[in-house]
Amino acid sequence: MNEYNFAYLDEQTKRMIRRAILKGLAVPGYQVPFASREMPMPYGWGTGGVQVSAATLTPEDTFKVIDQGADDTTNAVSIRKFFENTAGVETTEETEKATVIQTRHRIPEAKLRKDQIIVYQVPIPEPLRFLEPRETETRKMHSLEEYGLMHVKLYEDISQHGAISTAYAYPVKVSDRYVMDPSPIPKFDNPKLEMDAIQLFGAGREQRIYAVPPHTKVVSLDFEDYPFEATKADHPCDLCGAEDSYLDEVIMDDAGNRMFVCSDTDYCRSRREAGHKGRLAEENAA
Amino acid sequence: MTPLLQVKSIEKRYGARIGCSDVSFDLFPGEVMGIVGESGSGKSTLLNCMAGHLEPDAGQVIFDTRADGPVDTVTMSEPERRMLSRTDWAFVHQHARDGLRMSVSAGGNIGERLMAVGDRHYGDIRDRAIDWLGRVEIEKSRVDDRPSAFSGGMQQRLQIARNLVTGPRLVFMDEPTGGLDVSVQARLLDLLRGLVREMGLSAIIVTHDLAVVRLLADRLMVMKSGHVVEAGLTDQVLDDPQHAYTQLLVSSVLQV
Chain C
1 MNEYNFAYLD EQTKRMIRRA ILKGLAVPGY QVPFASREMP MPYGWGTGGV QVSAATLTPE
61 DTFKVIDQGA DDTTNAVSIR KFFENTAGVE TTEETEKATV IQTRHRIPEA KLRKDQIIVY
121 QVPIPEPLRF LEPRETETRK MHSLEEYGLM HVKLYEDISQ HGAISTAYAY PVKVSDRYVM
181 DPSPIPKFDN PKLEMDAIQL FGAGREQRIY AVPPHTKVVS LDFEDYPFEA TKADHPCDLC
241 GAEDSYLDEV IMDDAGNRMF VCSDTDYCRS RREAGHKGRL AEENAA
Chain B
287 MTPLLQVKSI EKRYGARIGC SDVSFDLFPG EVMGIVGESG SGKSTLLNCM AGHLEPDAGQ
347 VIFDTRADGP VDTVTMSEPE RRMLSRTDWA FVHQHARDGL RMSVSAGGNI GERLMAVGDR
407 HYGDIRDRAI DWLGRVEIEK SRVDDRPSAF SGGMQQRLQI ARNLVTGPRL VFMDEPTGGL
467 DVSVQARLLD LLRGLVREMG LSAIIVTHDL AVVRLLADRL MVMKSGHVVE AGLTDQVLDD
527 PQHAYTQLLV SSVLQV
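Top line first, the protein sequences correspond to chains C and B. Residues in the first sequence are numbered from 1 upward in steps of one, following our numbering. Residues in the second sequence are numbered from 287 upward in steps of one, following our numbering.
Bound conformation, chain C alone (with noise of 0.2 angstroms):
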């Protein structure tokens, strides 16, 4: 690793994206824009939340990156393996000995500590960019607190689906101020962004860094006879039986058998390891 300054990025760079990052803890859901760099690997794959990584990783963090919920997916395995050879950090599968989460399309189910930071990747930073394709425009109207729009969206689901349809990146309001993109985890997801932990969130082709605090009021947008709901497949986990994860379908043959298990792999293999099992859990375990 000794070709590479510290977690690849230079000093100079680091520092810009902290300045960013700190930006973005002192406006709640506020968009910064930073200048992202050129990262080993393509827009899309976490450029993002690959530079916030490496800005906010210390030699002493422990660094855990999830991909829809498994640590064993080729995004995951891919910056698991870039930290580890350009920062030699402590890399770990399990939530609870992290200090450093990245994450894709997901928030863990074990509970977050305050002396965590969760780092999620971004595609799109911008919750009104489909509504309104004028960046000049959805600027004025974050500026100016303009958000009926967002509610268009959600009308729209309504007339055409009889409920909210968005089921992934659920708009949210930061701090009864800002309208927030939480990036595309399942709606199931939303309520758990009020947590203890620090939340960053890096979009690197858009060049976006946004951020919420600890303990800030995160809500999810609804109508007051449509409320929001964190919906999940009615269905235990087939492997450890958890009721309370989300949940993946898997298809298992063409004649229609299909499996339900965790998404957060992580709490699906501990919660083996401490003896529940589910459905099929039994010609797993011989």
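It should be emphasised that the hints constitute simulated quantities derived from the structure, not laboratory data. Misleading hints may appear alongside valid ones.
DMTMM-like cross-link-like pairs, simulated, lysine to aspartate or glutamate; straight-line CA separation at most 25 angstroms [to be verified]:
1) B:K426 / C:D225
2) C:K140 / B:D374
3) C:K153 / B:D413
4) C:K114 / C:D61
5) C:K140 / B:D504
6) C:K192 / C:E243
7) C:K277 / C:D234
8) C:K173 / C:E145
9) B:K510 / B:E461
10) C:K140 / B:D417
11) C:K140 / B:E461
12) C:K153 / B:D405
13) C:K153 / B:D417
14) C:K173 / B:D410
15) C:K173 / C:E243
16) B:K426 / C:E224
17) C:K153 / B:D431
18) C:K14 / C:D61
19) C:K173 / B:E364
20) B:K426 / C:D157
21) C:K153 / B:D410
22) B:K294 / B:D308
23) C:K23 / C:E243
24) C:K173 / B:D431
25) C:K173 / B:D405
26) C:K140 / B:D343
27) C:K140 / B:D358
28) C:K140 / B:E341
29) C:K217 / B:D405
30) C:K153 / B:D430
Keep in mind it's a predicted model, so treat the numbers as computed, not measured.
Keeping the supplied structure of chain C fixed, place chain B upon it in accordance with the hints.
Coordinates of chain B only, in the frame set by chain C:
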């Protein structure tokens, strides 16, 4: 009686060229003012200056707000002006697609202004959207269709519904009947006249169609090269034009 809108010596220049110059008038509540003139005479520039879309180089646009009485909208802060343009003002564009969100259903289009001023009850918003569709003579069953599936006349009526749903007091209209065929124009004019009278709206209508102002406007201003050349009661100006240009304009209308 306080005028709803007082325009004082508005001037807008594009470099050395004049957009409109030294335009002043008062508009009283319930009054409909027509602005006619040929293309390039500064009608639209004037309208955009009054509606806050363009910043005039000189002059005042004083609007009688509900809360604070007469206020100069040119110097007021942008959040206040945008709030005004969502609540007490309405702007009907010539092309409906400039004023509508084409990818959002008719109901969503009408509901947008309601949601923008803080309405958060889906059932209420939808009921009001359906009510307004009825008032502009669009079938209620089309509330979930997108405007792209509507005809030109329906799109224009939808745009009017979307603008009037918050009960504005002043409507700016830029060629509201432009690009529509004559029978659709006639229905739209009939509808507009009904709504203006029923809601007691004040309106400023920019058009080059003298039939439109004859039907809708109480008073008329004729513009040429950025200046107002003649103003007065509509029938008076149209029946007894004094200025050479107005005489030309009136005599240019084809009689069928």
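Next on the checklist: Tell me the hint numbers this structure goes against, listed in increasing order.
Outcome noted: As far as the earlier hints go, 5, 10, 11, 15, 23, 24 are violated by this structure, in ascending order.
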